[in-house]
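*Asks:* Let chain A serve as the given structure and place chain B on it in line with the hints.
There are 2 protein chains.
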Amino acid sequence: MQTLTVIKIGGNVIDNELTLSHFLQDFAQIASPKILVHGGGKIATRIAEKLGIETQMLEGRRITDSKMLEVTTMVYAGLVNKNLTAQLQAHGCNALGLTGADLDLIRADKRPVKTIDYGWVGDVKAVNQNQLDYLLKGNITPIFCALTHNGQGQMLNTNADTIASEVAIAMSGLYAVKLVFCFEKRGVLLDVNDENSVINNLNEADYQVLKEKGAIHSGMIPKLDNAFAAIRKGVEKVIIRAPHLADHEGTTIAW
Amino acid sequence: MQTLTVIKIGGNVIDNELTLSHFLQDFAQIASPKILVHGGGKIATRIAEKLGIETQMLEGRRITDSKMLEVTTMVYAGLVNKNLTAQLQAHGCNALGLTGADLDLIRADKRPVKTIDYGWVGDVKAVNQNQLDYLLKGNITPIFCALTHNGQGQMLNTNADTIASEVAIAMSGLYAVKLVFCFEKRGVLLDVNDENSVINNLNEADYQVLKEKGAIHSGMIPKLDNAFAAIRKGVEKVIIRAPHLADHEGTTIAW
Chain A
1 MQTLTVIKIG GNVIDNELTL SHFLQDFAQI ASPKILVHGG GKIATRIAEK LGIETQMLEG
61 RRITDSKMLE VTTMVYAGLV NKNLTAQLQA HGCNALGLTG ADLDLIRADK RPVKTIDYGW
121 VGDVKAVNQN QLDYLLKGNI TPIFCALTHN GQGQMLNTNA DTIASEVAIA MSGLYAVKLV
181 FCFEKRGVLL DVNDENSVIN NLNEADYQVL KEKGAIHSGM IPKLDNAFAA IRKGVEKVII
241 RAPHLADHEG TTIAW
Chain B
1 MQTLTVIKIG GNVIDNELTL SHFLQDFAQI ASPKILVHGG GKIATRIAEK LGIETQMLEG
61 RRITDSKMLE VTTMVYAGLV NKNLTAQLQA HGCNALGLTG ADLDLIRADK RPVKTIDYGW
121 VGDVKAVNQN QLDYLLKGNI TPIFCALTHN GQGQMLNTNA DTIASEVAIA MSGLYAVKLV
181 FCFEKRGVLL DVNDENSVIN NLNEADYQVL KEKGAIHSGM IPKLDNAFAA IRKGVEKVII
241 RAPHLADHEG TTIAW
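Order-wise, the sequence lines are chains A and B.
Under the working numbering, the first sequence has 36 at position 36, and the numbering climbs by one with no breaks.
Under the working numbering, the second sequence has 229 at position 229, and the numbering climbs by one with no breaks.
Next up, chain A with everything else stripped away, as it sits in the complex (with noise of 0.2 Å):
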């Protein structure tokens, strides 16, 4: 099988100017498939803030109410992924700007309110694999920022690192799929405080350990588990590391 690079970045990446440009490049220069998928967390609380719209996080998660649904539609689908489809293209990439509602590419449903209402918030239900491969075939790379849709016309705001898991696990039938989720630290630390601990392979049973111990906690939890999902649902190689590095050098999943 082909091989299919899945690329997450996140703020660390889009807010850095130089980092964001270095990034873009060697983006470009992957010559297989691959596929983009990005947040913009900080522009998006930056422009709210702007338009006197109050951003509520809870536990890393914004509540979307419907005039911050307005501005992470304007923000993420907008400003942030034409400009990145704009530069990739002047690097010579074929790139194509996309929420999950161009092409019903991905379908999710409003998260039901329990304790918390999280607002106009999607879980992923479907991915559309072959207008995905459509796309793919036709030597396009596409970029996702973190938005999907509900197939009845509402636009749901969704965890980037979730829709990159998800699209990752739903083209590893037609390719051997590499999921890379691109961040701030070097890979997976076994001490937060030192760039050096990196664990440069991490299977299910020590993570259980690690997160038990305390030396895993908080953001790498849920990026850890959407990790440990996609190698379990047939992705073949999930890499968390920095942005700037090889592979090799981050902290690789494994079974």
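Source of the hints: derived by calculation from the structure; they are not laboratory data.
It is possible that part of the hints are untrue.
Because identical chains cannot be distinguished in the list, a pair is counted as satisfied if it fits within a single copy or across any two copies.
Straight-line C-alpha distance at most 20 Å; calculated DMTMM-like pairs for lysine to aspartate or glutamate [said to hold, decoys possible]:
1) K67 <-> E17
2) K137 <-> D109
3) K178 <-> D117
4) K67 <-> E49
5) K67 <-> D15
6) K211 <-> D225
7) K213 <-> E236
8) K137 <-> E17
It should be emphasised that the depicted structure is a prediction, and the values quoted were computed from it without experimental measurement.
*Replies:* Coordinates of chain B only, in the frame set by chain A:
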């Protein structure tokens, strides 16, 4: 040759929820290949105002400094484009929201500064016929907003009427293209105050006469210039009408 319908809608459709909903339902039901082009000017002006950015218009054209380009990229490519896309998907139309940067579909040159500096405004240089045809062949309906790029990473604002006619012209080698401009009047009127004075067929000679007499003026002139340019360059039919009308009830532009 197969028919391709290119429809342009402006603020009078986008800003009215009911008109928009009817329009999208009708649009979704066109069985042959189709492309939608939309503006979104009033929403951009409203968001800009909330962000404390002043809107400057000159002869109906928006002066686009860096801050205004951010606003139009957010509003056109994000808010308006993705909501149209999600709603069309709900109507069973396989919509794909686009700017000219996506797939390098529409490349433009920044307008040279003569007496007026329009800022980040682009004049269309090339429409990527092959990429657009790959989408149409895949049963995909492109939804263009009023943005292009320069191929070097820079987004540019471009008039939606112009995008519609340039796209129509570019595709006329491959399809029998019908270009429809939807606007607030029933068609081109002989007397602007009489909605029943629709000119059913307008040729270029008559247009010149009516322009000289002052019967056709201001905002209609660039629209009709785009329309006649399209007809001269191979577009089979151009119609100017209100969104809810049938083609034969508006004005048909003839050679």
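*Asks:* Go through the copies and call it for K211 and D225: within, between, both or neither, with a Cα cutoff of 20 Å.
*Replies:* For K211 and D225, only the intra-copy Cα distance (11 Å) is at most 20 Å; the inter-copy one is 67 Å.
*Asks:* At most 20 Å between C-alpha atoms: does K137 with D109 qualify within a copy, between copies, both, or neither?
*Replies:* Intra 29 Å, inter 30 Å, cutoff 20 Å: neither.
*Asks:* Within a copy, between copies, both or neither: where do K137 and E17 come within 20 Å Cα-Cα?
*Replies:* neither (31 Å within a copy, 37 Å between copies)
*Asks:* First find the shortest C-alpha distance between K213 and E236 inside one copy, then the shortest across copies, and answer within, between, both or neither for a cut-off of 20 Å.
*Replies:* neither (28 Å within a copy, 72 Å between copies)
*Asks:* Please work out whether the CA atoms of K67 and E49 approach to 20 Å or closer within one copy, between two copies, in both situations, or in neither?
*Replies:* both (12 Å within a copy, 16 Å between copies)
*Asks:* How would you classify K67 and E17 at a CA-CA limit of 20 Å: within, between, both, or neither?
*Replies:* Classified as between; 17 Å across copies, 28 Å inside a copy.
*Asks:* For K178 vs D117, is the C-alpha pair at or below 20 Å within one copy, between two copies, both, or neither?
*Replies:* neither (34 Å within a copy, 47 Å between copies)
*Asks:* Are the CA atoms of K67 and D15 at most 20 Å apart within a copy, between copies, both, or neither?
*Replies:* Answer is between: at 17 Å across copies they meet the 20 Å cutoff, but 23 Å inside does not.
When the structure is compared with the earlier hints, violations turn up for hints 2, 3, 7 and 8 and for no others.
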